[in-house]
Amino acid sequence: MSKAIRLVLKGENAVARSLRQFERRKLKRMETALVAGAKVILEDAKELVPVDTGALRASGVVEPVTKDGGKIRTGVSFGGGGVDYAIDVHEDPAQEDRKYLERAEKARRSEVRAAIRKEAKD
Amino acid sequence: MARAWKDISAYLATVVPLGLTEGVNLFVGRVTDEAPDASVFCLPGVSLPPQPVLNGAPQDLRFYGVQVLVRGSREGLEAAADLADLVRDALNHAKPLVGAGPDQYTTVELDQASPLRLKEDKNDRPRFSVNVTAWIKETNPVL
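As you go down the protein sequences, you meet chains E and C in turn. My numbering applies: residue 96 is where the first sequence begins, and numbers increase by one. My numbering applies: residue 113 is where the second sequence begins, and numbers increase by one.
To be clear, the hints were calculated from the coordinates, so they are not data collected in a lab. Watch out, some of these pointers could steer you wrong.
Below, a list of computed lysine to aspartate or glutamate pairs in the EDC-like style, where the Cα atoms sit at most 20 Å apart [unchecked claim]:
hint	chain 1	residue 1	chain 2	residue 2
1	E	Lys123	E	Glu158
2	E	Lys201	C	Asp172
3	E	Lys134	E	Glu200
4	C	Lys234	E	Asp183
What you are looking at is a predicted structure, and each value in this text was computed from that prediction instead of being measured.
Only chain C is shown next, with the shape it has when bound in the complex (with noise of 0.2 Å):
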């Protein structure tokens, strides 16, 4: 079963112009206090029911949600922002890249046009969200 999150995190680290690295930048699962102020977070969003595949094999469509948290330093909106620009522009062109061979997904589709602002966090660090829908073709382990 697909992790969404993780092969999202896995694709935005291969592009460059970002500047990401899982670990040092790039986190995925959860919002870590020992991340840097300006840091990218992978996590789980929320996904459609999943759709049986009517080709005679069992298997599904499913729809995973991820939410891409972009923080920056307190002094770093500008930055920030074009950081949650660049990642709206690289998963909207991010369809063939992510995932591989039978993990491959067969859409990612952006949620919402542009990037979402939120206040600040308790620290005073800018925030924005962008959202994405991954579809991928799965076996139903059940069948």
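With the rest of the complex left out, here is chain E (with noise of 0.2 Å):
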């Protein structure tokens, strides 16, 4: 003869919904740390790049958040409108001031994965 043993969940719907909504403020707060970091590099960057007229660094921007899934993206960009020179100046040799995005995100790559990472793991 054999014995059955059965467990009822009830309320599964209540604790699925609660955990969505844990997710999303996870994402959220890590979606907050991203864009503040990127802040963090674009206005680093700015005091990098070399400034004649003023135009390329005013072309810098934190790009907008897209969302893919569980992946949040954003960057950090100059150049575009009338600024087409933005890569020249950052790879051009000749420029004493180049690689002004580089220096700026590797110098703060660590700090900002970090603040990510806390997000993530609270």
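Join the two chains into one complex using the hints; note that each chain is given alone, in its own frame.
Right, here's the structure in full:
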């Protein structure tokens, strides 16, 4: 003679809803940290970028956030509009202040990653 | 302490299809006026801060940025573009080939998928930029 054991879970919809809300809040905090990090990199890059007319400096932006499943992306960019020389200034060895964006990003990378990681853990 | 731009240059000189010879059409450290129009220059790039290696040894993992600038002759845009692609491809497979023994790099990683095309220089010569980050474990001389 066998005895059966049965476990009934009630209220699973509420649990799932709660988990989804937790996940959404966590993703929102990570997004906030990501954008804050991008803004810090942008401000640093604006300090480093060589200024002639100021157009290149003014062209620096944090790009809009995109979401694809669990992936959240943004970017920092210079150029566009009438400024078609951002890459040349960035990469030209004759430019004393070349690599203005890369220097800013590499200097801040671990700090920004740590801030995002913290939001993912909390 | 590694000088990654020199090591990358030495590696590129060994890749036969590139046809590069140091001091002839391959130069290290700076862009020289004496170089022929069609030349390649290996330059220091931007590096990341080192990270301590957690194996008990006084070692750091260091990340050296290197910029490889490919320049063509005035009428040589296509040839320069082709050479820049070949340099990119050579660097994409450079990991086990740059350095030797304890000076061997653990990783050589492309920073961009394709060479960046720059505006022509003041002499109307086409230019392309290829960026890599070379990783190497090094003993910290201070510890």
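Going down the list of hints, with the structure as the test:
With a C-alpha separation of about 17 Å, the suggested pairing of Lys123 of chain E with Glu158 of chain E holds against the 20 Å cut-off. Simply put, Lys201 of chain E and Asp172 of chain C have alpha-carbon atoms about 17 Å apart, close enough for the 20 Å limit, and the pair holds. A hinted pair counts as satisfied when its Cα atoms are at most 20 Å apart, and Lys134 of chain E with Glu200 of chain E qualifies at roughly 11 Å. At most 20 Å may separate the alpha-carbon atoms for a hinted pair to count; Lys234 of chain C and Asp183 of chain E meet this at roughly 12 Å.
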